[in-house]
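Enquirer: Sequence:
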Amino acid sequence: MTIIDILYQLGKRGMNREFIRKAVEEADLNALRLALLQATGDPEFASIPVTRIDVRAGAGTTYVVAEDHRQRLIERAVEFLSDDLGKHAIGVPSDEHLRAMMELVAGGKPIGDRDFDIRKPVPAFDAYPRCANWRDGPVKLPEGFQVVIVGAGFSGLGMAVQLERLGIPYTIYERRSEIGGTWSINTYPDARVDTPSAMYEFSFEKLYPWTEHFARQAEVRAYLEHIARKFAIFDKIRFNQEIKGGRFDETDSLWRLDIVDEAGAQKSVAANHVVSASGLFSTPRALAVEGVDRFEGEIVHSTEWDERHSAAGKTVAVIGNGSTGVQLLDRISDDAKRTYVFQRTPQWITPRERYGEAMSAGDSWLRRNMPYYWNWTRYTGTLPVLNLYQFLVPDPEWQAAGGLINQPNDALREAMTQYIVQQVDGRPDLVEKLVPRHAPFSRRLIVDNGWYRSLLKEDVELVTAPISRLTRTGIVTTDGEARDVDMIVTAIGFSVEKYVWPSDYVGRGGVHLQERWSRDGARAYLGMMIDGFPNFFVLYGPNSQSVSGGGGTIPTQIEMWTKYVAQVIVDTIEHGQAAVEVTHAAFESYNERMDEAATGLIWLTDTASTDRNYYVKDGRLQVNIPWHYQVWHEMLARPDLSDMALTGGEPQGIAEFASPVRLSA
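The working numbering applies: residue 1 is where the sequence shown begins, and numbers increase by one.
These are calculated hints, taken from the structure and not from any lab test. Cβ atoms here follow ideal geometry from the backbone N, Cα and C, with glycine treated the same way. Please note that the accuracy of each hint is not assured.
Computed beta-carbon distance windows for the label pairs [stated by the list, open to error]:
| hint | residue 1 | residue 2 | range |
| --- | --- | --- | --- |
| 1 | S310 | V260 | 31 to 41 Å |
| 2 | D42 | E18 | 42 to 52 Å |
| 3 | D42 | H226 | 31 to 41 Å |
| 4 | H309 | V435 | 24 to 34 Å |
| 5 | V435 | G291 | 49 to 59 Å |
| 6 | A265 | A411 | 57 to 67 Å |
The list that follows gives simulated cross-link-like pairs (lysine-lysine, DSS-like), each with its CA atoms no further than 25 Å apart [said to hold, decoys possible]:
| hint | residue 1 | residue 2 |
| --- | --- | --- |
| 7 | K267 | K244 |
| 8 | K457 | K433 |
| 9 | K206 | K337 |
| 10 | K236 | K206 |
| 11 | K244 | K230 |
| 12 | K498 | K244 |
| 13 | K206 | K22 |
| 14 | K206 | K230 |
| 15 | K140 | K236 |
| 16 | K314 | K457 |
| 17 | K617 | K498 |
| 18 | K236 | K267 |
| 19 | K314 | K337 |
| 20 | K337 | K230 |
| 21 | K206 | K120 |
Start from the sequences and build out the full structure, keeping to the hints where you can.
Expert: Next up, the structure:
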């Protein structure tokens, strides 16, 4: 029990109501309305009208309680929380009841069957909303059966939770000394999520006590450590051990993996299945500029920033204005004597409601104490991303009439342009440099962390001339101007094309995965499986990122991927086979359909700056999924075993892991 709860229990009744009223007034009233309806069954809450509003400068929409009904709802909520709390049974709603309430969130707008199947897990009423299952109860595995997971970040832990629940033995190998993945690596100033904390979490862990609406790096890493310990994963992680590569042994359908520890000692382990969860953002992009070796000051990639580094009193160059560069500029420029911001391509940088704000005591109390409120805030928090696909499809008729992309995309461009103008106080010199030519959503939208306002500081200069070279003392741009700096902070992203890098995996016939991908870029079936590489899965693999709406946050997508992988492993075991791989025909057919679907979206158009866009590599979509989220969800709903070859006979155990295996449902 927290001090807030104790004070509430011990305080006078009048003070209690005052505290509750303040909490309710700060609440998401639409979510609170649904929570009250579910808790009381009172039809008055169903009849309260809502209003549709734009958020994030028009990049999303949501629904709020109509202004003239807010006060009545607040009074009813205060009454319930003061007098009736605890009098109502808590339960999981039926599908029919849940769909009806979801429709009420948007004022009664109908939700079809396909859409409901996707939305049903979002409020997380079930203990494990997205999970793989045994068909007829657990199957006895051979002693020593083992799945190896590579990486202890979000994806690796999500995979472990699936296997732990199924009772399938596993070990995680993590090259760093702690849990966290990208949230262990990135400790630069003001590193944080750009998705609301209450959505940047697994659905199977309820009511985590976030302290900010957009959690900072340290809190996200602590959350992952909490997950590992609560779900009995931590003791199955081997830290400071890097998997250098592995080879599939066709004689026994096992992977032989080579591991190196922090002292350089090498060992080999075997695995029945391997799940690479090394992540998309694990290989920092090096600064490739003439003279890097000559510069005598500090060059720090954002992933290398730690407590040893400081901008205090220095002249600093910040190279890059993607998510990282935008997050760190305000803090760096506050500390530095002078800051130069080097921008190659202007970005669409948008506001985010409550970004940088702490969770209030009332909000935290309400999430813990109001039945169902936490569940419905998860659902209302998802609404702004459900219709993103509308921004991605060019409209030929609209373009023929003089439009750029389509009506909603062009309207968003105008709204975001006005935001830029407002943030820089209308300065024409900055507006000209900051308004992008590419269409919104053709590159990743960036959340503003005071970046535009930082450019107005007297000791901050925006530089748009390309960098020509580095000298001993600074940076020279192509216009011949030299700027001396003490420190260069490179926020230039990651080599996202280097999936599973630097591990070297060798599949059937001695084929190296990196060689296979060198032909026309990294490819996979459903972003997770590669033909010729049995029992090998990639999480956050090629073309697995959903940005078309409905895919939700990265933790949501990780739950979808890990459920799929776990179900493939379960299906293989239940069919009495040791190996599973996607067939060559299914692999090729899937990728052909994917490439064809991508041609109709803005990512491959001239307006997308494809040469400066991590979504695209060598002229093809590499990171994102080109389909509407309904199609993608249906693809991942259940493995299609007709696309796979199951071979090898009964799986065998591995001696070094042999011990009695107990499986639970």
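Enquirer: Look at each hint and say if it fits the structure.
Expert: Status of the hints after comparison with the structure:
1. For the pair S310 and V260, the supplied restraint of 31 to 41 Å holds, since their beta-carbon distance comes to about 33 Å.
2. Between D42 and E18 the CB atoms are about 24 Å apart, so this pair departs from the stated range of 42 to 52 Å.
3. Taken as a hint, the range 31 to 41 Å holds for the pair D42 and H226, whose Cβ atoms sit roughly 36 Å apart.
4. At roughly 33 Å, the beta-carbon separation of H309 and V435 lies within the given 24 to 34 Å, and the hint holds.
5. A hinted range of 49 to 59 Å is violated for the C-beta pair V435 and G291, which are about 31 Å apart.
6. Under the hint 57 to 67 Å, the C-beta atoms of A265 and A411, about 60 Å apart, fit the expected range.
7. A C-alpha spacing of about 10 Å is found between K267 and K244, which places the hinted pair at or below 25 Å, so the restraint holds.
8. For the hint linking K457 to K433, the alpha-carbon distance of about 16 Å falls within 25 Å, and the restraint holds.
9. Between K206 and K337 the alpha-carbon distance is near 45 Å, which puts this suggested pair outside the 25 Å criterion.
10. Between the alpha carbons of K236 and K206 the distance comes to roughly 23 Å, so the proposed pair stays at or under 25 Å and holds.
11. With a C-alpha separation of about 30 Å, the suggested pairing of K244 with K230 is violated against the 25 Å cut-off.
12. Proposed proximity of K498 and K244 is supported: the alpha carbons are some 14 Å apart, at most 25 Å.
13. Using a Cα cut-off of 25 Å, the hinted pair K206 and K22 holds, with the two alpha carbons roughly 24 Å apart.
14. Using a Cα cut-off of 25 Å, the hinted pair K206 and K230 holds, with the two alpha carbons roughly 12 Å apart.
15. Using a Cα cut-off of 25 Å, the hinted pair K140 and K236 holds, with the two alpha carbons roughly 21 Å apart.
16. For the hint linking K314 to K457, the alpha-carbon distance of about 16 Å falls within 25 Å, and the restraint holds.
17. For the suggested pair K617 and K498, the alpha carbons sit about 11 Å apart, so the restraint of at most 25 Å is met.
18. Taking the CA atoms of K236 and K267, the gap is near 18 Å; set against the 25 Å cutoff, the hint holds.
19. Distance restraint check for K314 and K337: the Cα-Cα separation of roughly 5 Å lies within the 25 Å cut-off, and the hinted pair is therefore satisfied.
20. This hinted pair does not check out: K337 and K230 have alpha carbons roughly 45 Å apart, beyond 25 Å.
21. At most 25 Å may separate the alpha-carbon atoms for a hinted pair to count; K206 and K120 meet this at roughly 16 Å.
The structure shown violates the earlier hints numbered 2, 5, 9, 11 and 20.
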